[in-house]
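Quick mapping for you: the protein sequence lines, in order, are chains A, B and C.
Using numbering that gives the first Met the number 0, the first residue of the first sequence is number 0, and each one after it goes up by one.
Using numbering that gives the first Met the number 0, the first residue of the second sequence is number 0, and each one after it goes up by one.
Using numbering that gives the first Met the number 0, the first residue of the third sequence is number 0, and each one after it goes up by one.
For the record, the hints were derived by calculation from the structure and aren't laboratory data.
Check each hint, because a few of them may be wrong.
So the derived label-pair ranges between C-beta atoms look like this [to be verified]: (1) B:165 x A:45: 53 to 63 angstroms; (2) B:157 x A:214: 35 to 45 angstroms; (3) A:161 x C:170: 54 to 64 angstroms; (4) A:41 x C:125: 20 to 30 angstroms; (5) A:278 x B:110: 44 to 54 angstroms; (6) A:161 x B:195: 27 to 37 angstroms; (7) A:334 x B:65: 40 to 50 angstroms.
Going by beta-carbon spacing under 7 angstroms, a handful of chain B positions derived as facing chain A [said to hold, decoys possible]: (8) 98; (9) 102; (10) 118; (11) 136; (12) 159; (13) 163; (14) 166.
In silico lysine-lysine, DSSO-like type, Cα no more than 30 angstroms apart, as pairs [unchecked claim]: (15) A:28 x C:109; (16) B:243 x B:80; (17) C:105 x A:28.
Beta carbons: idealized from backbone N, C-alpha and C, even for Gly.
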Amino acid sequence: MRPLTLRRLLWTCGSLVALLLVIIVVALKLGAVPVSVTDLVMSLGRVAIGRSDQLPAEYRLIVFDIRLPRILLGVMVGAALSVAGAGFQALLRNPLADPYVLGVSSGSALGAIIAINVAPQFALATPLGAFLGAVATITCVYFLGLREGNLDSTTLLLAGIICASFLSAIIMFLMTTLSSRDQRGMAFWLMGDLSTPQTSDVRWLFLVGLVVAIGAIYTTAADLNLLLTGEREAAHLGVEVTRVKLVVYVAASLLTALAVSASGAIGYVGLLIPHAMRFLFGSDYRLLIPASALGGAIAIVAADALARTVVAPTELPVGAVTAIAGAPIFIYLLRRRMR
Amino acid sequence: MSASDTRSALASRDAAAPAAELPRLSVEQASYAYAHQRRSAPMFTLSATSFQARQREVVAILGPNASGKSTLLQIISGALKPLSGRVLLDGVEIRSLGTRTRAQRIAFVEQQSQLVFPATVGEYVLQGRHAYGRALHLATEEDIVLGMNALAQVGAEHLADRRMDQLSGGEKQRVILARALAQQPLLLLLDEPTLHLDIGAQVDLLERLRRLSEENRQTVIVVTHELGLAAEFADQVVLLHSGKCLRVGTAAEVYQRELLEQVFSASLDVETGPAGRPRVSLRSRSDGAGPRTT
Amino acid sequence: MLIGAEGMNRNRRRGGTLTLRSAAAALVLLAAGATFAYPLRASSESRHIPARLVVTDEFGRTIQVPQPVLRMVSLAPSMTETIFALGAGDRLVGDTDACDYPPAAKTTAKVGSVEAPSIETIIALQPDLVLATQLNRQETVAALDRLGVPVYVADPHTVQDVIESTARLANLIGAGDSGQALVENLRGRLDALQRQLSGVPPRRVLFVVWTEPLISIGRHTFITDALAWADAQSVVQTDKDWPQVSLEEMVRLQPAYLVFAGSHGEAGAPSLADLQSRPGWRDLEAVRAGRVVVVSDALARPCPRLLDAIEELARDLHAEVYPENPR
Numbered sequence: 000m001r002p003l004t005l006r007r008l009l010w011t012c013g014s015l016v017a018l019l020l021v022i023i024v025v026a027l028k029l030g031a032v033p034v035s036v037t038d039l040v041m042s043l044g045r046v047a048i049g050r051s052d053q054l055p056a057e058y059r060l061i062v063f064d065i066r067l068p069r070i071l072l073g074v075m076v077g078a079a080l081s082v083a084g085a086g087f088q089a090l091l092r093n094p095l096a097d098p099y100v101l102g103v104s105s106g107s108a109l110g111a112i113i114a115i116n117v118a119p120q121f122a123l124a125t126p127l128g129a130f131l132g133a134v135a136t137i138t139c140v141y142f143l144g145l146r147e148g149n150l151d152s153t154t155l156l157l158a159g160i161i162c163a164s165f166l167s168a169i170i171m172f173l174m175t176t177l178s179s180r181d182q183r184g185m186a187f188w189l190m191g192d193l194s195t196p197q198t199s200d201v202r203w204l205f206l207v208g209l210v211v212a213i214g215a216i217y218t219t220a221a222d223l224n225l226l227l228t229g230e231r232e233a234a235h236l237g238v239e240v241t242r243v244k245l246v247v248y249v250a251a252s253l254l255t256a257l258a259v260s261a262s263g264a265i266g267y268v269g270l271l272i273p274h275a276m277r278f279l280f281g282s283d284y285r286l287l288i289p290a291s292a293l294g295g296a297i298a299i300v301a302a303d304a305l306a307r308t309v310v311a312p313t314e315l316p317v318g319a320v321t322a323i324a325g326a327p328i329f330i331y332l333l334r335r336r337m338r
Numbered sequence: 000m001s002a003s004d005t006r007s008a009l010a011s012r013d014a015a016a017p018a019a020e021l022p023r024l025s026v027e028q029a030s031y032a033y034a035h036q037r038r039s040a041p042m043f044t045l046s047a048t049s050f051q052a053r054q055r056e057v058v059a060i061l062g063p064n065a066s067g068k069s070t071l072l073q074i075i076s077g078a079l080k081p082l083s084g085r086v087l088l089d090g091v092e093i094r095s096l097g098t099r100t101r102a103q104r105i106a107f108v109e110q111q112s113q114l115v116f117p118a119t120v121g122e123y124v125l126q127g128r129h130a131y132g133r134a135l136h137l138a139t140e141e142d143i144v145l146g147m148n149a150l151a152q153v154g155a156e157h158l159a160d161r162r163m164d165q166l167s168g169g170e171k172q173r174v175i176l177a178r179a180l181a182q183q184p185l186l187l188l189l190d191e192p193t194l195h196l197d198i199g200a201q202v203d204l205l206e207r208l209r210r211l212s213e214e215n216r217q218t219v220i221v222v223t224h225e226l227g228l229a230a231e232f233a234d235q236v237v238l239l240h241s242g243k244c245l246r247v248g249t250a251a252e253v254y255q256r257e258l259l260e261q262v263f264s265a266s267l268d269v270e271t272g273p274a275g276r277p278r279v280s281l282r283s284r285s286d287g288a289g290p291r292t293t
Numbered sequence: 000m001l002i003g004a005e006g007m008n009r010n011r012r013r014g015g016t017l018t019l020r021s022a023a024a025a026l027v028l029l030a031a032g033a034t035f036a037y038p039l040r041a042s043s044e045s046r047h048i049p050a051r052l053v054v055t056d057e058f059g060r061t062i063q064v065p066q067p068v069l070r071m072v073s074l075a076p077s078m079t080e081t082i083f084a085l086g087a088g089d090r091l092v093g094d095t096d097a098c099d100y101p102p103a104a105k106t107t108a109k110v111g112s113v114e115a116p117s118i119e120t121i122i123a124l125q126p127d128l129v130l131a132t133q134l135n136r137q138e139t140v141a142a143l144d145r146l147g148v149p150v151y152v153a154d155p156h157t158v159q160d161v162i163e164s165t166a167r168l169a170n171l172i173g174a175g176d177s178g179q180a181l182v183e184n185l186r187g188r189l190d191a192l193q194r195q196l197s198g199v200p201p202r203r204v205l206f207v208v209w210t211e212p213l214i215s216i217g218r219h220t221f222i223t224d225a226l227a228w229a230d231a232q233s234v235v236q237t238d239k240d241w242p243q244v245s246l247e248e249m250v251r252l253q254p255a256y257l258v259f260a261g262s263h264g265e266a267g268a269p270s271l272a273d274l275q276s277r278p279g280w281r282d283l284e285a286v287r288a289g290r291v292v293v294v295s296d297a298l299a300r301p302c303p304r305l306l307d308a309i310e311e312l313a314r315d316l317h318a319e320v321y322p323e324n325p326r
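All chains, full assembly: derive it from the sequences and hints.
So this is what it looks like as structure tokens:
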């Protein structure tokens, strides 16, 4: 019997953090404009000791004002989507659940489209509209998913799917009837794109939301292991099922809302990273949640680096890369399950 | 020494000792009803039922389908709030206990258990220790020892590192039982545990439950519709029919031919076997005298 | 029956995990702090340029353009063409993959596609000014804005707008003289067209942007205005800029001519024989009679070459006015 120990938890997370830092450095190096690794490491050093003004101007602009914020955004979005996916997979007791299965991405998209058409010059229109759209969807789906006053997994799933289709239909309608002037950006957003610039405040807000939501889900990690064996079983073992389901629902939905508001609906990451982490480290949610967060961050940063370099200088939306890489991985996982 | 000899020896020993202890479990007039739709007349799934059980006792809640057995068990476990009446465990009303405390005192083995993601047997059994942990509920040394003990008690220590989806049906059920034992409960509840087992495995399980109740001083309550098993292994039988409790007592007291025939809608013969336990057999419908020989 | 508690001295290791824990926490906090602290401290610094011209672009944005403008990046084909037409092509240091006219534009350093140019490539070219149109995404313009690069967005809706836009751009980049000459030439040609076509009844046309699905133009686009200068009127009159229209409706309206912008063989401009064999299309009078006009793709670009295309279209549609150029 080899149960999870704190030591194993910390070692695994530590290794993943180390891997993430390496990937970040590589991603900082890659891009349409070549940057040498030694220059990069020395610059990072200078920044760390506070001598950032000694860097050459375009270098600073490109690496630190363009690439680094984008990479940091990728880290947060990857972490948010993966933890949300893992959370929904436990809440709905369904391995095919991903962060968008409950309609959050469709609601966000609708909010974004409405915001763009109502206030096109306002820079924060898209993320704010997307976030509000997501919150509205989360609330509606919650009330539709109640059964005798409790969140029921099957009802919730059905409610989410129905909302998603309905909202998608409205989006289709709006996109064909509204002026196409602002629609070009939507195509990228729908695919999932990290190139939208964020102000520093927005990034801090995102980080705070991320930490709070992941923290909240993590407090239920042990409960989720039990919940996966059945709701009644979990209740008999001492889990406060109603409270746990509510916390996971709100936190995972919030994570999805944050990610989608910042970068559109990047696909496959929320679905596949939890499965990949289970494959590597087992299904214990106390390890799975931090592993998924870190694994998701690594995946998105890597995918975005590819998106920026594969047809340089044109930049692909990162969602295109995750879809192309994700589909074969998904098929592989399906086949393993069937055996 | 055969199983039945041991039992009769123990029974006579208990009968000799003074029964000074408070009943471990006391079910007092518990009933339950629910309405399909609001404003329609409620349907009583269980009418006021009472019985008591002691430590080291095996109780069988017996009845055909839809007789309210599972409802009664859910009420005893504290998962359902009874419409009227109450359930006391060592004198304390179980509904007043928190979820955590309740999990430390009562263990419930459900009919079916599906696992969405594979876990190892060890991880699964350690889930039984959840109610004793804090924060991340990481397994302590004590938890591991108790988990291994629980596996040993069901004869499954060798399975500790296997994955749950690699086990046979019987092995899986033993592991599920081990998880319940890991909770170190006072009360062990099982809902139709013999449903998918063949007769050998059924006897195996019930003998094990008998042994466990003795060793761990637990009260074991088993919901079943198997007349033969209940007669053989239960110290007390609670007979339910269509939500009503018809009789509570020892097997010998409860197994009256007319009563059983009415409840189970079958032609039955009841005889008394060795050690005073009743034996039930089918009587064929065509002729009124004795079982048909083929 | 109870298994003895063996290996209890694993407790000793507990102390070790505590230091491990604190070390890991410290590392993570340090890394997070460093990466987050940086962007807050480093603001996008303005370059120290002596002179700056404050200008309002056609989207209503106020920008500060350093003078003189020595390095320019264009994010739209029409802008590239306009710059070359103003004789400032030598100062263009970067353009998009779609910029293909004049031929010199193809050899200019590329910054990516119109929708998704590489911001860092643009920055690396150190432009004094970036030129964009409404073809570019708002996110691209916003990103460049945030990094302190002035972006001038042009948004012409009519042919006159195109000419004025050219004049404004010329003043902005210090090509005032060539700009004035160009603008006079363009205005002169417009006047000539107006004179030649006065009194001639307008032709009803269907301008085809895309065949499958059939997409035409709305009345607020500059293409509609361009058609008007060639004395042609689009049969499609909607407010949406690129409406998808039904073929049956076109058969009902029976435009006199079909107009394509782009040479034969490219996407959107099928050959006449091809059209005559397609169901639905062959029900159009214009197709049956061979009244399909293909003009240069400049008709779809709001730049000086638009005038060439308008004149070409005028000759094709009104053969009686221009007898010396039979088609």
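Status of the hints after comparison with the structure:
no., hint, verdict
1, B:165 x A:45: 53 to 63 angstroms, "holds, 55 angstroms"
2, B:157 x A:214: 35 to 45 angstroms, "holds, 40 angstroms"
3, A:161 x C:170: 54 to 64 angstroms, "holds, 57 angstroms"
4, A:41 x C:125: 20 to 30 angstroms, "holds, 22 angstroms"
5, A:278 x B:110: 44 to 54 angstroms, "violated, 31 angstroms"
6, A:161 x B:195: 27 to 37 angstroms, "holds, 36 angstroms"
7, A:334 x B:65: 40 to 50 angstroms, "holds, 43 angstroms"
8, 98, "holds, 5 angstroms"
9, 102, "holds, 3 angstroms"
10, 118, "holds, 6 angstroms"
11, 136, "holds, 4 angstroms"
12, 159, "holds, 4 angstroms"
13, 163, "violated, 9 angstroms"
14, 166, "violated, 14 angstroms"
15, A:28 x C:109, "holds, 20 angstroms"
16, B:243 x B:80, "holds, 18 angstroms"
17, C:105 x A:28, "holds, 28 angstroms"
The structure does not agree with the numbered hints 5, 13, 14 stated previously, though it agrees with the rest.
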